[in-house]
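K.L.:
Starting from the structure of chain A, add chain B where the hints point.
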Amino acid sequence: MSIDPGSNSGNNQGDDMDTTAQTNSLAGIAASRVHVQPGTQALGVGLEARGVHAWFGEKHVLSNVSLDFWPGTVTALIGPSGCGKSTFIRTLNRMHEFIPTAAMAGEVLLNGEDIYAPGVDVTKIRLKVGMVFQKPNPFPSMTIAENVLAGLKLAQLKVENKDDLLEECLERAGLWAEVKDRLNTHGGALSGGQQQRLCIARALAVRPQVLLMDEPCSALDPGSTLRIEETISQLSSTVTIIIVTHNMQQAARVSDYTAFFLSDGGPGQMIEVGSTNEIFSRPKDKRTENYVTGRFG
Amino acid sequence: MTQTPAQIPAKREITTKPRFSDKVFRGVVTGGGLSSLVILGLILAFLLYNGYSTLKQQGIHFLTSSNWQAVVADSGAVDIKNSHFGIAAMLIGTMIVAVIAVIVGVPISVGAAVYLTFYAPASIKKIMVTAIDLMAAFPSVLFGLWGFFVLESSGEYWAKLLNKYFSWVPFFKLPAPYVTRSPFIAGLVLAIMIIPIVTSVSREIFSQTPLDRIQAAYALGGTRFAMLRAVAFPYARSGIVGGVMLGLGRAMGETVAVYTVLNIVYQVNWQILLSAGGNVASMILLKFGEASPYEVKALMAAGLVLFVLTLIVNSIANLIVTRTGKSGR
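If you read the protein sequences in the order shown, they are chains A and B.
Using my numbering, the first residue of the first sequence is number 1, and each one after it goes up by one.
Using my numbering, the first residue of the second sequence is number 1001, and each one after it goes up by one.
Bound conformation, chain A alone (with noise of 0.2 Å):
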C-alpha cells in the first residue's frame, strides 16, 4: 500500500520516512493526504469521537477522548495495558454498554450523527461499525460458509447472490485460496490465523463502513500475523480500520495514523495523536517518545 508512511520501513526511529504530515489535528492530517488515496470515495463522512468518557461503574476508565477517523485510513491505537483503548474502541460501535455498569459521556458521530441518540437501533450501527476480537471466535456449530454469511443471517439481511458474496469477502481477508475447497466444513477444523481471518471475512459480509480490531493478533503466531497485517493493508482502501495493537511494530507497518494512550493510574486518557510516521520519529510529548522507543510500558 503505497500510501501507508510506516509500512516500507521496520525502523520506527527512521527519519528518511514522508514528512508532509506535520499539523496536529488530525482532520487536517487526513485532508492534507487526501491527494494520495486517488479512487477511494470522497471525505467529509468518517466516523468522530467528541470528548468520549467511560467508566465501569464508578471507575472512570477513560477520560474526554476526541479522534476522527477519515475513510480509507488506518488508525492505531497504542499504549501500555489498561490504559482504555480497547474500552475506547467498543464505544464506537456500542459493544461498551455491553458489559452491565458500564456507562460513557460524549458522542460518537458516524456520518455526522451520533451513534448514542434516542432512537438509535444499536443492531443497525454495529452493522456499519463491525469488529473483529482478540480471540478468533468463529462460529463453532457453523461451517465456514455459514460463518462468513452468519451476519447476514443474524441481522436478517437479504443479498441476490450468496455465493459471490462469500467468495468476496473470503477473498478480501485473504483467506479464499486456502479453504475454497472445503467451504461446508467446520471452522473450528482451521488454525487460529485462518480462524481470524474468517472472523474478518464474517464482519466484511455485512458490508461495514469502519473495521474495530481489538487486538487481532496477539493470539496468533507470526506467519498469521504477517497474513492479517496483509489483509489490513488490501482493506484499507476500501474500509476504515481502527486497530488497537501491543506491537508497535505492527503498528508502524500496518497504521496510516498512530494515537497513543496511557493511564496514570487515573482514567486513561490520549496523550498525543498523529501519522504514524511522526508518533514513531518524531513523538511530541515525551510519554509518547519513551513508550515507543521502549523505555517503558
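FYI, nobody ran anything at the bench for these hints, they're computed from the structure.
Any given hint could be a false lead.
To be verified - Distance condition first, Cα-Cα at most 27 Å in a straight line; then the derived BS3-like pairs of lysine-lysine: (1) A:Lys59 to B:Lys1126; (2) A:Lys153 to A:Lys135; (3) A:Lys59 to B:Lys1125.
P.N.:
Just chain B now, kept in the frame of chain A:
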C-alpha cells in the same frame, strides 16, 4: 529424518510412583464413584432374581397383554395356571404421561432458562432461582394433591376445549364423556414437577455460553433473539437434551403424584383426555399393599421392565446427542 528401524529405540514405559496419601485419596474417591454403580447393580440383580419367575411364566405376554389377575384358589394357594400378568397398558400409559409432561414442561423450562440467563434483571433472577430450587425440593405427594383438587377442575375445562377443537387428532378423541383423572391431567402435574430440574439444567448450560461468541453475534448486528438462535441454542442443545432426559426419567418413575391423580385402568388407552390411564410405578404402589407373595414377584418384574425402559430411553437420548454432534461447543 530417515531412520533405519535399527536406530529407533524401544518405547519406554513411563511410570510414576504415587505417594501414600495420594493412594488413600484415590481409594476413597474410587469407592465413592463405584458405589453408585454397585447399588444400581444390586437393585437390578434383586429385581431380576425376584421377577424372573413371572417373566418366564408369562413370556412375551407380560409386555403385550393388559390382563392383571392374581387368582387365588379356595384353598388359599395361588392358582398359577389361571393367573395372568400383563403390563402393556401400564407401559404405554407410562410413556404417554411422560411424553405429555415433556411436551408441556420443556418449552416452559427452556423459556424460563432463557429469560433467567439473558433477560431477567439481577433481582428478579435471584428470587426466581430460589423459587425454582424450592419447587424441585417440593414433596411429590403435594403436587399430586394439588393436581387432584385444583388442576383437576381447570384441567377438565382445557380437556373439553382440546376435544372440541382438536378431536380430529386421534389422541384427543373422547369415546366416553369422562375427562377427570385422565393421562392429560397426570401429564400436566408431571410437567410442573419436571420444570425445576429441566430449568436449572438448561440455565446452567445457557450461562456457560462463551462470551466471545455472544459478543461476535452482537457485533455483527444481531438482535438478542438472533444471538440466541445463532449462538446460545446451538451451544446449549446437547445440555438441554440431557436436562430433558433427567426430566423424562423423573416423569417415567414418578409414583405418588401420578397415583393421586390418575385413574388406573388395565386396558391400553391412547385417548389422553379419557379418564383411564396406566403407569407402571403407580400400579406397583397400588397393588403392593394387598399383593400375595406370588403377585409381588410379578410387581418386581414390572419394576424390572420400568428399569430397562428408562435405560433404553436414556441410551436413545445419548445417541441423539452424539449423532447430532457438531453441537456448537
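K.L.:
What hints, given by number in increasing order, does this structure fail?
P.N.:
Of the numbered hints given earlier, the structure breaks none, since each of them holds.
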